[in-house]
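Engineer: Chain residues, written in single-letter form:
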Amino acid sequence: MTAVTPPDAPQLGEAVVRVTGLEKYFGRNHVLRGIDLEVRQREAVMIIGRSGSGKTTLLRCINFLEEPTSGSVDVDGLRVDADPLHARSRRHREQIRQIRLRTGMLFQDFNLFPHMTALGNCIEAPMRVRRIPRAEAVERADYFLEVVGLADKRNEYPARLSGGQKQRVAIARALAMEPKVLLFDEPTSALDPELIGEVLVVMEDLAHSGTTMIVVTHEMHFANEAADRVVFMEEGEIVEQGPPEQILDSPREERTQRFLRRFLKT
Amino acid sequence: MIESRVEDRPRRYDIEDVERAEQRARWSWRAIFAVVWIGLVLGLGIGLALTGRIDPGFIAEVGPFILEGTPITLLVCVVSISLAIILATLGALGRLSNNPVLNAIASFYVSLIRGTPLIVQILFWYLALPQFGIVLDALPAGIGALAFNYGAYMTEIFRAGVEAVPPGQREAARALGMTEAQVMRRIVFPQALRIVTPAIGNEFIAMIKDSALVYILGVREVLWRADVTGTRFFRSTETLLIAAVVYWVLTIALSFAQERLERRLRRGER
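Taken in sequence, the protein lines are chains A and B.
Under the numbering used here, the final residue of the first sequence carries the number 266; numbering is consecutive throughout.
Under the numbering used here, the final residue of the second sequence carries the number 536; numbering is consecutive throughout.
A hint or two may mislead.
[Stated by the list, open to error] Simulated DEER-style distance windows between Cβ atoms: (1) A:A135 - B:R529: 43 to 49 Å; (2) B:V401 - A:R91: 48 to 54 Å; (3) B:K475 - A:R91: 51 to 57 Å.
[Stated by the list, open to error] Stretch-level coverage of chain B by chain A, calculated; a stretch enters the list once three of its residues show a Cβ under 8 Å from a Cβ in chain A: (4) 296–304; (5) 431–441.
Source of the hints: derived by calculation from the structure; they are not laboratory data.
These numbers come from a predicted model, not from an experiment.
C-beta: ideal position from N, C-alpha, C; glycine also.
Start from the sequences and build out the full structure, keeping to the hints where you can.
Structural biologist: Here's what the structure looks like:
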């Protein structure tokens with residue numbers, strides 16, 4: 001997590017996330033059409049594409065908030081195959097929980113627990129799930145609140161925080177579980193324009209300090225700055241992927257070009 | 267030429283004067299409200315007295331006896347509502363369960379209770395259960411009937427409360443690796459509890475009034491005492507008035523308590 005790699009030169013390690021042949025139907029609606037994606041240690045992958053392209057669903061399938069229809073997800077050596085017919089089986093649910101322990105997720109609307117303070121949000125899962133003693137959990141939570149620049153807000157309830165502050169607490173909450181990879185689902189889409197920057201700064205710092213992350217985003221400028229790789233999705237498929245300068249400045253695929261033209265115009 | 271003259275400018279008010287005026291308006295509204303209220307209460311009392319059909323001496327005589335029913339009324343309410351909360355928790359867990367057996371049992375319970383009159387249920391507990399060898403005293407029979415009845419209604423309240431917690435809360439907790447039990451216990455229930463607190467208060471207030479129905483079993487609560495003395499001396503107007511006032515005062519007191527509790531909850535984190 002706090003890797004000692006020089007900024008802007010993350011040396012990519014082993015694959016942390018390996019998605020293979022992922023398919024997802026909602027009813028008869030074919031949302032993901034055979035996704036293969038590998039994310040390596042310390043890599044920051046940004047997924048772009050218009051809404052409805054399946055990028056959020058892909059992210060939610062990685063930690064099984066959506067049960068994929070078929071395919072498999074491997075996080076840090078634990079492989080779980082989609083099993084929609086036995087999604088409720090004890091074994092499958094425990095495997096999913098193990099996947100979730102290796103991933104941290106950030107949501108568009110933060111989903112902080114409103115009945116707990118910022119600190120309470122950050123120690124809840126470490127204490128209840130990881131069984132870390134309270135004193136240690138508090139120490140770590142304070143550290144991560146410091147990382148997101150909110151040490152002074154540790155005793156505030158979410159209702160008293162701005163949107164940007166809420167999302168930063170949510171990031172600290174995810175970091176406190178020390179996941180192998182962070183999944184960001186449009187983390188700034190619900191924010192007022194003037195609050196987006198403070199969240200992106202934190203995310204950029206994380207990316208540059210070697211945090212493995214997969215980010216679904218519409219912030220092209222941010223993707224350009226912070227991504228090691230940009231993935232463009234359309235109609236449930238990965239159309240094109242590569243370094244940001246390649247995908248954003250000189251995409252090869254016509255569909256990517258069309259998306260970027262329309263996106264940059266608006 | 268248009269000349270701008272000083273007197274054309276809108277007048278500027280001192281912000282403190284405005285504040286004071288608004289404060290005064292608020293207070294006079296409250297004062298009028300209170301005066302009308304007290305006037306109506308007094309008017310009702312005086313009106314009744316003027317009919318000449320009310321015997322104050324009799325009221326003074328039987329009043330204490332009827333008032334002695336208040337602790338029993340409160341006992342019935344507190345025990346019934348406590349049991350009802352337990353039943354409603356179980357019922358809501360059943361209604362929210364994916365298990366079809368548990369869900370059906372809970373659904374059946376709610377349907378049966380809500381589909382039959384409370385008075386029938388009360389009589390059933392006292393008069394019908396003995397045929398199955400279950401003989402209950404009046405007090406436990408009345409409490410049992412009220413608890414089961416309110417448990418069914420509150421099952422639906424609790425269920426709605428749990429469903430009112432945004433789904434994102436559950437997702438966030440699951441994404442952190444919590445088990446389903448932990449998600450419920452630590453994240454969903456505390457928030458649901460806050461959502462249903464006002465509704466539980468309403469149920470408690472309703473219970474105060476519905477508890478009067480157990481008088482029919484001979485439980486010596488407020489209405490039973492009013493009925494017994496009223497019919498005995500052929501002065502039911504006085505005794506029923508006393509009973510009505512007791513229930514009324516109890517519900518008013520509870521409404522106040524409820525309002526304060528809600529204000530405190532609102533002042534909290536939300």
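Engineer: Next, verify each hint and record whether it holds.
Structural biologist: Tested hints:
1. Here the CB-CB span from A:A135 to B:R529 is close to 35 Å, at odds with the stated 43 to 49 Å.
2. At roughly 50 Å, the beta carbons of B:V401 and A:R91 sit within the given window of 48 to 54 Å.
3. In this structure the supplied range 51 to 57 Å holds for B:K475 paired with A:R91, their Cβ-Cβ distance being about 53 Å.
4. A stretch counts as covered by a chain when three or more of its residues have a beta carbon under 8 Å from one of that chain; for the stretch 296–304 of chain B and chain A the count is 0, and the coverage is violated.
5. As drawn, the stretch 431–441 of chain B meets chain A at 8 residues by the rule of a beta-carbon pair under 8 Å; at three or more, the given contact holds.
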